[in-house]
Amino acid sequence: MRADNGAHVITAAKRRHELTRAKAIKTIRELAQTGELVDFPTVAVRAQVSRSWLYTQPDIKAEIRRLRSLSHRSRQAPIPARQRSSDTSLHRRLELASNRIRELTEDNQRLRRQLAEALGANRAHDTLR
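Counting with the numbering used here, you get residues 45 to 173 for the letters of the sequence shown.
Calculated from the structure, these hints are not laboratory results.
All C-beta atoms in this analysis are idealised placements derived from N, C-alpha and C, irrespective of residue type, glycine included.
Careful, some of the hints might be misleading.
25 angstroms max Cα-Cα, derived SDA-like pairs, lysine to any residue [to be verified]:
#1 K58 x A106
#2 K67 x Q77
#3 K105 x R65
#4 K105 x H61
#5 K70 x R60
#6 K105 x A66
#7 K70 x T55
#8 K67 x V53
#9 K70 x L114
#10 K105 x G79
#11 K58 x R128
#12 K70 x S129
#13 K67 x K105
#14 K70 x Y99
#15 K105 x R73
#16 K70 x R112
#17 K70 x P85
FRET-style restraints, in silico, Cβ to Cβ [as the list claims (entries may be wrong)]:
#18 A56 x R95: 20 to 28 angstroms
#19 A56 x S113: 51 to 59 angstroms
#20 R146 x K105: 28 to 36 angstroms
#21 L138 x V53: 56 to 64 angstroms
#22 L81 x S129: 18 to 26 angstroms
#23 A141 x Q92: 43 to 51 angstroms
#24 E147 x K105: 44 to 52 angstroms
With the hints as constraints, model all of the structure from the sequences given.
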């Protein structure tokens with residue numbers, strides 16, 4: 045009588061499935077970080093998995109589609125994930141730009157007043173001659 049190895053086969057299949065998922069996820073992250081195009085054929089080749097398998101994994105499929113749509117929206121080369129600005133960073137840059145605009149506006153107004161005073165003084169000097 046043969047031993048029932050079903051439990052071992054199931055365990056091996058689960059392990060192989062998790063390793064395959066890990067390879068696909070790692071590949072997606074690497075492509076996104078380097079700014080390369082993230083699409084099903086590229087991920088399949090790099091991760092050494094089939095495209096059809098990628099489509100059967102809902103979370104992986106959604107992430108590939110999300111990243112693919114980001115790169116399709118931008119006609120330029122996609123920006124690597126590590127170089128993308130965070131919302132906090134963008135808000136800070138906007139705040140700094142607004143402060144600089146305010147400073148420049150105040151300087152401009154001060155210089156206009158000084159110019160007006162200088163022109164007035166010059167005109168007054170010319171009329172006294």
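Checklist entry - Which numbered hints does this structure break? => result 11, 19, 20
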